[in-house]
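S.K.: Sequence lines, in order, name chains D and F.
Per this note's numbering, the first sequence starts with residue 1, numbered consecutively.
Per this note's numbering, the second sequence starts with residue 244, numbered consecutively.
Because the hints were derived from the structure by calculation, they are not lab data.
Since the model is a prediction, treat every value here as computed from it, not as a measurement.
C-beta atoms are modelled at their ideal positions from N, C-alpha and C, and glycine is treated no differently.
Some clues are possibly wrong.
To be verified - DSBU-like cross-link-like pairs, simulated, lysine-lysine; straight-line CA separation at most 35 Å: (1) D:Lys3 - D:Lys168; (2) D:Lys225 - F:Lys315; (3) D:Lys66 - F:Lys315; (4) D:Lys225 - F:Lys260; (5) D:Lys66 - F:Lys260; (6) D:Lys15 - D:Lys66; (7) D:Lys43 - D:Lys66; (8) D:Lys168 - D:Lys66; (9) D:Lys168 - F:Lys260; (10) D:Lys168 - D:Lys225; (11) F:Lys297 - D:Lys43; (12) D:Lys43 - D:Lys120; (13) F:Lys315 - F:Lys297; (14) D:Lys225 - D:Lys120; (15) D:Lys66 - F:Lys297; (16) D:Lys3 - D:Lys120; (17) F:Lys260 - D:Lys43; (18) F:Lys260 - F:Lys303; (19) D:Lys225 - F:Lys297; (20) D:Lys3 - D:Lys15.
What the hints assert, rightly or not - Derived coverage of chain D by chain F (criterion: at least 3 residues anywhere in the stretch with Cβ under 8 Å from a Cβ of chain F; other residues may be distant): (21) 149-160; (22) 197-211; (23) 219-226.
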Amino acid sequence: MDKSGVVAPILQRLKATADIDQEDERAFASLPMTIRRVSDGQKIVAVGERPSACCLIADGFVLRAKVVGDGNRQILAFHQPGDIPDLQSLFLNVMDHDVNALGAGLLAFIPHDPLRQLIKSRTNIATALWRDTLTDAAMFREWICNVGQRVAYSRLAHLVLEIYTRLKVIGRTDGLSFNFPATQALFGEAIGASSVHVSRVVQELRNNGVLEFSRGRITILDEAKLRSATDFDPLYLHLDASL
Amino acid sequence: MRYYFDVEDDFYSAVDKWGTDFRSEEAARNEAHRLAAGIALDLLNAGGSRLTIKVRDDSKVLLQVALTFSVKACGPPMP
């Protein structure tokens with residue numbers, strides 16, 4: 001993948017919700033980047049580390065997670081092409097959570113110094129990334145609500161709708177079906193349920209004709225049923241800047 | 244160490260084919276407790292009354308967690 005392909009998803013996303021002119025686009029695309037393939041589960045950056053670059057996802061998925069006292073892991077977020085999951089390391093020097101690859105992927109590492117320079121010289125980029133960070137926080141708030149207040153069936157339905165809605169924006173859905181390589185154990189870590197509990201919920205969703213999970217592919221069998229299984233309001237994704 | 248969690252309740256029965264790794268038998272037991280508590284909520288909401296979780300390793304059953312519960316209305320019906 002060439003550099004324009006690497007930066008296309010993030011520029012497309014930022015342009016949809018913030019003022020980005022052609023000069024901003026050119027400046028972003030001319031940032032130095034090291035492109036690296038990653039394999040499933042590979043560590044990108046871990047708690048306590050001091051990264052000197054941020055990673056922009058060109059292809060594939062990334063998860064953010066934290067291991068709690070007794071060794072259980074809570075997944076905090078899933079990220080898709082066009083996201084910079086460790087953007088915070090630009091200003092918060094020490095990582096407070098882990099970032100790992102989810103499935104095989106292609107990442108572009110952007111060194112901190114030139115990215116800081118870009119933010120100083122291009123106000124539009126600074127504003128767009130600030131907005132992006134705020135949206136990130138809005139998604140964390142929704143995940144707190146998900147894990148803390150919904151029942152497992154509704155939690156999983158909500159998470160699937162979030163992934164589907166975000167993937168649709170970048171054109172990575174095929175009708176009501178999309179690739180997402182998380183196992184049931186990983187879904188469990190994201191919604192605060194054990195993998196065996198997730199299996200039970202997955203079977204219930206399938207039996208009710210709502211969703212089908214099959215080898216890294218999720219198919220929505222009945223979108224109306226899926227929406228009625230939870231209370232998904234995409235407002236928190238802030239995809240529409242005109243609101 | 245790999246542990247397997249078989250679930251049987253009013254609506255669902257599954258033998259765990261894949262299993263999950265845990266550092267110790269105690270960690271696997273804690274997982275069984277968490278699993279039981281999680282499914283119990285779903286069952287109560289669905290009107291179920293019984294749940295059994297068997298924890299196995301590759302050769303034998305190590306632990307069985309069984310819950311039965313009943314929900315009875317008391318006094319005048321809630322408004």
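S.K.: Looking back at the hints listed earlier, which ones does the structure fail to meet?
M.R.: As far as the earlier hints go, 3, 14, 23 are violated by this structure, in ascending order.
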